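K.L.:
This is what each chain is made of:
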Amino acid sequence: MSNTDEESEMTKTATALAFVLSLGAGDAFGQSFTGNLGSDDVRAVSPALEAYAGEALAKRLWSRPGLSKRDRSIVTLTVAIARNQSAILPEQLALALDNGVKPSEISEMITHLAFYSGWGNAMAATAAAKDVFAARGVAASALPPAKPELLPIDQVAEAARAATVEKLIGTATPGLVKDTTEVLFQDLWLRPGLAPRDRSLVTVSALIANGQTAQITPHLNRALDNGLTAGEAGEVVSHLAYYAGWPNAFSAASIVKDVIAKRTAK
Amino acid sequence: MSNTDEESEMTKTATALAFVLSLGAGDAFGQSFTGNLGSDDVRAVSPALEAYAGEALAKRLWSRPGLSKRDRSIVTLTVAIARNQSAILPEQLALALDNGVKPSEISEMITHLAFYSGWGNAMAATAAAKDVFAARGVAASALPPAKPELLPIDQVAEAARAATVEKLIGTATPGLVKDTTEVLFQDLWLRPGLAPRDRSLVTVSALIANGQTAQITPHLNRALDNGLTAGEAGEVVSHLAYYAGWPNAFSAASIVKDVIAKRTAK
Amino acid sequence: MSNTDEESEMTKTATALAFVLSLGAGDAFGQSFTGNLGSDDVRAVSPALEAYAGEALAKRLWSRPGLSKRDRSIVTLTVAIARNQSAILPEQLALALDNGVKPSEISEMITHLAFYSGWGNAMAATAAAKDVFAARGVAASALPPAKPELLPIDQVAEAARAATVEKLIGTATPGLVKDTTEVLFQDLWLRPGLAPRDRSLVTVSALIANGQTAQITPHLNRALDNGLTAGEAGEVVSHLAYYAGWPNAFSAASIVKDVIAKRTAK
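Chains as they are written, first to last, in the working numbering: chain A, 1 to 266; chain B, 1001 to 1266; chain C, 2001 to 2266.
FYI, nobody ran anything at the bench for these hints, they're computed from the structure. Computed from a prediction, not measured in an experiment: that's the story for all the values here. We treat Cβ as the ideally placed atom computed from N, Cα and C, and that holds for glycine. Any given hint might turn out to be false.
[Stated by the list, open to error] The calculated lysine-lysine pairs, modelled on DSS-like cross-linking and capped at a C-alpha distance of 30 Å, are:
(1) K1069/B / K1059/B
(2) K1266/B / K2102/C
(3) K59/A / K102/A
(4) K2147/C / K1069/B
(5) K2178/C / K1059/B
(6) K2257/C / K2167/C
(7) K1266/B / K2178/C
(8) K2266/C / K167/A
(9) K1178/B / K266/A
(10) K1059/B / K1102/B
[Unchecked claim] To give a feel for the contact side, a few chain B residues facing chain C, derived at Cβ under 7 Å:
(11) V1042
(12) A1051
(13) G1054
(14) A1058
(15) I1088
(16) G1234
(17) S1238
(18) G1245
(19) S1254
Build out the structure end to end from the sequences listed, making use of the hints.
P.N.:
Rendered as structure tokens:
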């Protein structure tokens, strides 16, 4: 095999895409929804899929009221990171920037998801974001510092949370209890680069995207406490059907319904 | 960068493979089961794994009665798409064609799985299928049209389904309820390019492959209504053990047993 | 973009890594925890993430008592394989070797996970391991043979296991029952290249990494029977929080607590 062949084989799709992005094709991606592929490529396998991209996704889903385009981008980018989907990650990173998600917020989303979907997912997302940030000329000064001044903590709520966790799992996994307090709730969640409401939106979306139904209830309640509306929560699930698959959306929908019903009943 | 360079850049490992496939090596892949790797590559890491590929997979599993080779290909390709497994996707696309799954049916499978496993999975599968279709000379005319004449709908069953869903999740996620009706059951499921029995086989396989046990029961009942036999359903689970892992197969097996027992008891 | 830039961008990260590994940079990877990326790359997206890598991971987690570095490598490499995380797979393969996991043990881990997380995952892991083994000069003679002399089987325990499975799922999925006995428990689990305690550690880690909570209890009991201590089991969960995400760790933690409590009560 020649060197040239080897190089072309070694290429990651992301790179070619980053190159196209640098030509300012962000808008085109926002409307084609075909990930790293062109519409022609999709049509060469499934004319129907290309039609769904234009109609079900572009004309209907992304334009539907009930959830802002910025929120839809936060939700979709979360799925792409939490499920390690390199085929749509560069597209969704670019679209998120187009839809008003700041580079600093994307930086925080990736950092947050390192803890909520796994370190390896965050590393894959970082590789893609690095290229998109470079193509868009994002400067280091636009990123949140490693050690910012943290948001104030609600000591009462945090003490209650810590006590619940200690009771639930403390004896078996002391390391997890300690890190949950010190790394997550007294540090990560207090980083100011992503609003608590958006951080909750990322967390809930990641849970639904990976079918982690057992943890949706507490985090959805936290999200609603942090300012997500019940209507938005429902539309998050409806949006996720397309990106995390109908089965994950359906499993989440009945939980979301129950959480909202209980809060309304109070 | 020249156009040619760009094209080669965008290529994934799939392309190198598609090249080999175009040399008519389909049979070899059908028997090696080593994905994008050669048998020598596998032996360089695990001689045992290469032996299991030849014996447990090629000689036993894929040759076992109870499920046709075509069905085994539908099931395995579904896992590769639904779990985004690029390491075996090109191999399984080629093997599916060798085993009698038509290009039009593969096209419909990918489209169906966009909704049942997530849009990003479908885009990754499309990238791989594009190369395999090109290598096999699949013409655009062999693909299902974007807007075919749909199969007739069973209005009574559909009304019952819609009412159940409305009651289950309607108030919380109206967008999901609407799209489930309009995009899925009054459109996607009625596309004639994939027989309802095969569409159900794809759906159930995707649910098992991703551990979405909560939705197996209704979709397995639909599959049995659509013509899948109880014996085939059991062997689908047995086949999936190898491709989706033993834990997912075991979680599915007791559900499949219950569904079949209830139908037999009637 | 210059040619040099293009090439460096386009290169598959795995390849670059394998090259660096051949220079003996294992230690550096052990401390950077940035997967296929350099620390500068991570900082270009998230200075916080790079700081967490150095502090939460390198200084705290990997140095914490309660679980050996070798065990932490077995657990982390299992996650990378079971969740198909190419962004950290080469790094973790190299680190595992540095931490005393033998090439023969890595070979067995990949083979074991073919059955516990799916054939496609094993093929992706084999592709990465092939490069790392080549860079480290691992000889074919260092790998376990395809057909070794198997460990003695505990006939009583195996008969009990087989009877339980037969009763649970036998009628619906006879192929699965047969393969579980012949391929898994009378063959794979008896391969001597990976100690039963380590094989159990791999299995439990894979179950937690993929959220397969239904099967944790029997396999954790087997792990404890095979010599894993209760303290180690708890720290496995704590370690997995970082690599499989907090939600999977929390779902596992309460199960682990219950299993340990029941055994202690006896």
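K.L.:
Under the criterion that the straight-line Cα-Cα distance not exceed 30 Å, is the pair K1059/B, K1102/B satisfied?
P.N.:
24 Å, holds
K.L.:
Within a Cα-Cα threshold of 30 Å, do K1266/B and K2102/C meet the stated pairing?
P.N.:
Answer violated: K1266/B to K2102/C is near 56 Å, above 30 Å.
K.L.:
Given the hinted pair K2266/C and K167/A, is their alpha-carbon gap at most 30 Å?
P.N.:
22 Å, holds
K.L.:
Would you mind confirming whether the straight-line C-alpha gap from K59/A to K102/A stays at or under 30 Å?
P.N.:
Judged against 30 Å, a Cα distance of about 24 Å means the pair holds.
K.L.:
Is the Cα-Cα distance between K1266/B and K2178/C 30 Å or less?
P.N.:
Status holds; Cα separation ~29 Å.
K.L.:
So, A1058/B near chain C? Judge it on the closest CB pair being under 7 Å.
P.N.:
It is violated, given that the least Cβ distance between A1058/B and chain C is near 12 Å, above 7 Å.
K.L.:
Holds or violated: is there a CB of chain C closer than 7 Å to the CB of I1088/B?
P.N.:
4 Å, holds
K.L.:
Starting from K1178/B, check that the Cα of K266/A is at most 30 Å away, please.
P.N.:
29 Å, holds
K.L.:
Quickly compare the C-alpha distance for K2178/C and K1059/B to 30 Å and report which way the hint goes.
P.N.:
Judged against 30 Å, a Cα distance of about 15 Å means the pair holds.
K.L.:
Quick one, is the A1051/B hint okay against chain C at 7 Å, beta carbons?
P.N.:
Holds. Min distance 4 Å.
K.L.:
For the pair supplied as a hint, K1069/B and K1059/B, confirm whether the alpha-carbon distance does not exceed 30 Å.
P.N.:
12 Å, holds
K.L.:
Quick check on S1254/B please, does its C-beta sit within 7 Å of some C-beta on chain C?
P.N.:
Since the shortest Cβ distance to chain C is 6 Å, the answer is holds.
Of the numbered hints listed earlier, those contradicted by the structure are 2, 13 and 14.
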